[in-house]
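Position one of the sequence shown corresponds to residue 1 (the numbering used here), numbered consecutively onward.
Calculated directly from the structure, the hints in this document are not laboratory data.
So the derived label-pair ranges between C-beta atoms look like this:
hint, residue 1, residue 2, range
1, Ala-104, Thr-46, 43 to 51 Å
2, Ile-16, Arg-64, 52 to 60 Å
3, Ile-15, Leu-54, 40 to 48 Å
4, Thr-46, Asn-83, 48 to 56 Å
5, Leu-79, Thr-35, 43 to 51 Å
6, Thr-46, Gly-23, 17 to 25 Å
Being a predicted model, the structure only gives us computed values, none of them experimental.
Virtual Cβ for every residue (Gly too), placed ideally from N, Cα, C.
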Amino acid sequence: MIKALKFLNENHWYIIAGLITGGLSFWTFSCESHTQSIMYPDQFVTRGELHNELNYLVGLAKARETDLDKQDEVKQAILDASNIIAQTGSINPSGLINLAATIAAISFGLNRNQKYKALTKNLIT
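Construct all of the structure, not just a fragment, from the sequences and the given hints.
Next comes the structure, spelled out in structure tokens:
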């Protein structure tokens, strides 16, 4: 027993340094860093989860930009048809049917995307 106490007394700095090194190693390699979530500020997320949230938000922004592009296509088609009617003074029945079909197709596509967005929003929350 005396030999053990004498060994501890002579090497106590090495023991303390070893314990500190072990504790820091455990903390560094076992505990992941956390930060606030972008989508849910009351929760904390790791780097991988934050990356997934960013990918989701970028995808959502791209989907909304596509939605805006489709709406602009409808507006442009209507303006083009109005421009042709104003320039020629006559109405082309096949052009009107084509315009109506284009507007209907794009509108149905917009409606489908809005339903999909509502579905994914309900799944996420």
